[in-house]
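Chemist: The whole structure should be built from the sequences, with the hints applied where relevant.
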Amino acid sequence: MKIEMELNGRPVAHEIAPGGNLLSVLREIGQFSVKLGCETGDCGSCTVLLDGEPVNSCVVAAARAHGHQITTLEGLLGDPLMKELQHEMVVKGAVQCGYCSPGMLISLYAHFKASGDLSEHALREALTGNLCRCTGYVKQLEAAQTVADNRQNESGGAS
Amino acid sequence: MWELKEYRFAASAQEAVALMRQGPGTGAYIAGGTDMFLHPAECDFVVDINHAGLSDIARTPAGDLFLGAATTLHNIATNPLVADFAEGMLIEAAAHCGNRPVRSTATIGGNICNALPSADMAPVLLALDATCYIADADSQESLPLVDFFVGPRATVLEDRLLVGLALPAEAGTRRCASYKLTRSAEDISLVHVCVALGIEDGKIETARIALGAVAPVPMRAVLAEAQLVGQSVTEISPDLIADAAAIAAGECEPLDDHRASAEYRRDMVRVLTRRQILRALHDETTITKDSGGTVA
Amino acid sequence: MSDRKTRSAVGHNVDKVDAFKLARGEAVYTDDFTRTGMLTAKVLRSPHAHARIVKVDVSAAMALEGVIDVIWHTDVKAIAHTRAGQSYPEPSPYDTVIMPHKARFIGDRVAVVAAETTAIAERALKLIEVEYEVLPEICDMDEALTRTDVLVHEEADPLGIGGGGKSNMAAHIDKQIGDVDAALKTCDLVVERVYHLPRVQASHIEPHISIAWVDEDKRLIVRTSTQVPFHLRRILARILEMTESQIRVIKPRVGGGFGDKQELVVEDLVSVLALRTGRPVRLEFTREEEFIAARYRHPQRITMTTGVMKDGTMVANRMHVMADTGAYGSHALTVQGNTGQKVMPMYPAPNIHFLVDCVYTNNPISGAFRGYGAPQGCFALECHMDEVAAELGMDRLELRLKNHIKLGDTDPLSAKLGEGKEGLERVIRSTGLDEAIVKGCEAIGWGQEKKPSAPHLKRGVGMALAMQGSGIAGVDWGAATVKLNDDGSVNLAVGATDIGQGSDTVLAQFCAEELGIPTEKVLVLSSDTDLTPFDVGAYASSTTYVSGGAVVKAAVKVREQLAEVLGSHWECDPGDIVFADSKSTGPDGQTMTMAEVALFALYEAKIQPMATASHMSNESPPPFAAQFADVEVDPETGQVQVLKFVSAVDCGTVVHPRMAEGQIEGAVAQGLGYALFEEVLLDRSGKVLNPNFLDYKIASALDVPPLVTILVETDEPSGPHGAKAAGEVPSDGPAPAIVNAICDAVGVRNYRIPATPERVWRGIKEESPE
Ligand SMILES: Cc1cc2nc3c(=O)[nH]c(=O)nc-3n(C[C@H](O)[C@H](O)[C@H](O)COP(=O)(O)OP(=O)(O)OC[C@H]3O[C@@H](n4cnc5c(N)ncnc54)[C@H](O)[C@@H]3O)c2cc1C
Ligand code: FES
Ligand code: FES
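Protein chains in written order, with the numbering used here: chain A, 1 to 159; chain B, 160 to 455; chain C, 456 to 1225.
Worth flagging that the hints you see were computed from the coordinates, not collected in a lab. Any given hint could turn out to be false.
Some chain A residues judged to face chain B by a derived CB distance under 8 angstroms, without partners named [unchecked claim]:
no.: 1; residue: E4
no.: 2; residue: N8
no.: 3; residue: G9
no.: 4; residue: P11
no.: 5; residue: T40
no.: 6; residue: G41
no.: 7; residue: T47
no.: 8; residue: L50
no.: 9; residue: P54
no.: 10; residue: V59
no.: 11; residue: A61
no.: 12; residue: A63
no.: 13; residue: R64
no.: 14; residue: S107
no.: 15; residue: F112
no.: 16; residue: T128
Quick look at which bits of chain C chain B covers, simulated, 3 or more residues with Cβ under 8 angstroms [claimed, not checked]:
no.: 17; stretch: 881-894
no.: 18; stretch: 1140-1149
Quick reminder that beta carbons are idealized off the backbone N, C-alpha and C, glycines included.
Modeler: And the structure:
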């Protein structure tokens, strides 16, 4: 079957298998930031945004993207918030093998966009869907905390 | 890979049922798909119900809560209409189901319809006296949730569609507490206990103790509930609560599996039921004084 | 040697050289790549734990449109080998062939399909008909040891099968220093306990994946997620009857390995299929296959027998390891050897006895996993130290301080137990262990009274000491090539394998340090058997210490070449020229930037400043760790919450503080899982019951407690810039420290990990039956 979706702001039409997951379709069309780690919705390497919400694309039907907006890390490379998150992740040493990094970045991005709760617990919660086997999540949380602090300082300054 | 011939979209509940029955071959409904992609149904086509108008959350003036079957767990966990319902027990359950990205698509209907003994929304909905609304081709039926499950992975539905769940507001005060016991922070339940106590004039008028992952289907511990009814909130003895918890432990029918033994699960029903009753009664001091229960 | 302040690159938190591209999600891993006409391979696996594969009927599968090839054992020549990625000759038995005649575990290879798409390949698997002759299976370690009527490997193989086709013994070790039995009789107290270690899986998030094709020169190219590209090339050449020159192995970025990729797991299959079909072939493990057909940390049962005097002096120590290697003996001897060799030297008693019985069973395969045997041994020994202290009525820290290895001590055990042969004697020439203990105690609040957060909870603290090695002495070696470019940048080509741990960055720092240039001017290439010099690969904590040594040597050679050129240009002694801050300065103040030097060398002197150097060490200096856990236990439910975990680690000079911390934090997260929830469960016939992350839990962001990581710097005389290793040692201590803390809290010990809520609950119940 054929689906039409808005991928990173641009219309994309693609022929898919009715039982295929969104992960395979996205990789097929060159979105290599979307990784396969488990295909059971547990590891989060395949996290993308579906209408702005983080989802595990391995447990989302490809067909479901029809008529919807899909955003991958590729589509956010120019976004100031994403750039800030990437920068902090690198500088803080949160990227080891890097396989989990795009998924984590998407989850953090979605959390920052949606939520006012930037407590450590909320940030940990935001990362529950992204398993990392290399790190102890310390550096990612440090990076996220820095971005959170920057935001709080900014909004503190503005008001 | 899931060998599926066709993926259909339904624009309404009626259309969903019609598409389901249209053939050729066999079909299945799909909502979030978070369960389907792990255990693909052997069928020729699926009917997607995400655009069938089943994603609403509503509160009646009387305080009843209505949850569309295709409402996502993330929406439930973050919706202000749900926040204060049953002292937050519902959002607590939704927020502890799976992980954040899973909750964006996983639906409450899918959670109930997959009918796993460990389905995490089931005990909380049982404790809150949920009614299911089920659509047939051109009729609708309602049914108490207790009667919905017929066995592991089996419900009364057949090819009918669950459209939503209604949760009645409690007449007087309702006190609730729940706990999901797991091996690691984000995990399937080993034991899930939900307690809801309806209180009027200082007495427990209604009691609901619902248990997950300790029987072939999510269940209520009705004998234990009966122990509590009529008791005074301030004078109820810790022994009676412990007795009720022990009765609940006797009522459940846990199995040994690779996650935990039946023996452990049964004892955890006892421990956690006692603690949740105490917590629901806001009696945190007794919890900590009595034989070492925790505010788990 | 210069210290941190005067060093420009080593010791600094430079940006990890590959981090930005990884954070941008660039196409850099094995699978982020495609070739026209690429086929997908899928493996048909045995449903029987033990069965002869009599006949495989592939006709229906071959008839399916889109199926290009199906192979089984009649199609591939059986050449015995080991899949362990170790130096030649490997100390692992040659007990494996590409396609076996006999399935030895549920999940063993029976047939492999190559098809146009994954869906077609999966469909084809269902069409293959197999005739099995089912054999009785043997899945219990003790049964495997005693029974000879059922043999997992009956081939009488001259190449290293321990039991020689007559028993199920895969590896046996019996090494003694002094006389333990005699010494035990003289001790005031003898404590014997048995400890049980689970089967756990590395769970790197990137699965095993390889792509192979035949290029225009008819060479076989294998792009693969591996820790050991050079070993792979050698093994592939042997089993495919090709020469190394006909094969090229390319290691792109790797999404984690932890030992599980120190092994040939899928590379032989894609190679065979690519050679047969002439098409590129890709094979990626599913997560389920990772749990069934990759490798585990060996499950072990360890009996510790320790004799001490009243004052705590350890007189005799025996460790008896019983281990299950599963269906094949990859790393069977060396992992089990390490269980004693890396661990027992911590307390150098005069009488030490180390015994191993490692058996074949019809269970899935064990192999290398971070720590390589040491986490098992460390768990047993460090729990046992607490038990001995308790029996003695002595403080557990005191007992450790009294007996632990000190600066200048020799370590006779590591000499007795080299990589499967007599090794080299080791003298401790650097240790920060005492400082680590002091700082760790301070950070955890050792000895202070700690109140639980609620009266019904119990609180406790625990500790563990650990030591490891830095490479395999006298065996591991690596080489590096440094080449200067016109603009003053250098290419650094290393065989050393960056699998995420950051070795490219550390090696770039060494290179930058020696040449006086910023790290970002070093362009690292790792590793490609055509383009980079040899290295054994990423294992045994060898990269910083061994490969680092090679990089330092190569960079120094290039610096000397430049000094030579400038010396004759400036008419000064080359030895008086200083290279720092991206420039070179002569004795009379002459100066040139590195770019000017490069241009001068290339276009005036007409030489290519370039050098290759190799490095091997006859030593393997141990890094040390002191680790501490503060836990709270709910005695009624058995739930354990780690409130804080402290690691104080001596890894010599810290080359990159943040990356060293990252290694330690990651090791602790894995160790936490080992302690509390990770376990691959098998049924009686060796079938994996939890082959997914839904039921095999690894630590998530919510599981990891606040971690305190303290780097204790020492200067190891034999290491590059004083460095030792950091990757493995912190993975040894978390499990014993946590279990010791649980025991401190509730007075009941978990002799078996993971200490799941149910096990803790049961322990308490059995201790105090109502
Ligand atoms: C990583 C991960 C973690 C998870 N953790 C948990 C957990 O902690 N607790 C828990 O309870 N579950 C968990 N789950 C299971 C699952 O996500 C939930 O049960 C989820 O709520 C299912 O909803 P869904 O919409 O995705 O269902 P789907 O997969 O779309 O459907 C599930 C089943 O219900 C049927 N169905 C769906 N909607 C309807 C309807 N309206 N009428 C009739 N039939 C219908 C489908 O045909 C199918 O048989 C987890 C899943 C994953 C992948
Ligand atoms: S690949 Fe989708 S969650 Fe792991
Ligand atoms: S950095 Fe390797 S999995 Fe996270």
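Chemist: State whether the coverage of the stretch 881-894 of chain C by chain B holds or is violated, taking the criterion as 3 or more residues with Cβ-Cβ distances under 8 angstroms.
Modeler: violated (count 0)
Chemist: Against chain B, with CB atoms and a cut of 8 angstroms, does the hint on V59 of chain A hold up?
Modeler: Interface hint status for V59 of chain A: holds (4 angstroms vs cutoff 8 angstroms).
Chemist: Double-check T40 of chain A for me: the hint is only fine if its C-beta lies closer than 8 angstroms to a C-beta in chain B.
Modeler: Cβ of T40 of chain A sits 6 angstroms from chain B, so the hint holds.
Chemist: Measuring from the C-beta of P11 of chain A to each C-beta in chain B, is the shortest one below 8 angstroms?
Modeler: It is violated, given that the least Cβ distance between P11 of chain A and chain B is near 19 angstroms, above 8 angstroms.
Chemist: Next item in the hint list is T128 of chain A. Is there a CB on chain B closer than 8 angstroms to its CB?
Modeler: With Cβ-Cβ at 4 angstroms, under 8 angstroms, it holds.
Chemist: Minimum Cβ distance from E4 of chain A to chain B below 8 angstroms?
Modeler: Hint violated; E4 of chain A Cβ to chain B Cβ min 13 angstroms, cut 8 angstroms.
Chemist: Take the shortest C-beta to C-beta distance between A61 of chain A and chain B; is it under 8 angstroms?
Modeler: holds (5 angstroms)
Chemist: Under the criterion of a CB-CB separation shorter than 8 angstroms, is F112 of chain A in contact with chain B as hinted?
Modeler: violated (13 angstroms)
Chemist: Quick check on P54 of chain A please, does its C-beta sit within 8 angstroms of some C-beta on chain B?
Modeler: holds (4 angstroms)
Chemist: Take the shortest C-beta to C-beta distance between A63 of chain A and chain B; is it under 8 angstroms?
Modeler: holds (4 angstroms)
Chemist: When the nearest CB of chain B is found for L50 of chain A, is that gap smaller than 8 angstroms?
Modeler: Holds, about 7 angstroms.
Chemist: Holds or violated: is the Cβ of S107 of chain A closer than 8 angstroms to a Cβ in chain B?
Modeler: holds (7 angstroms)
In the structure shown, a violation is registered for the earlier hints numbered 1, 2, 3, 4, 15, 17, in ascending order.
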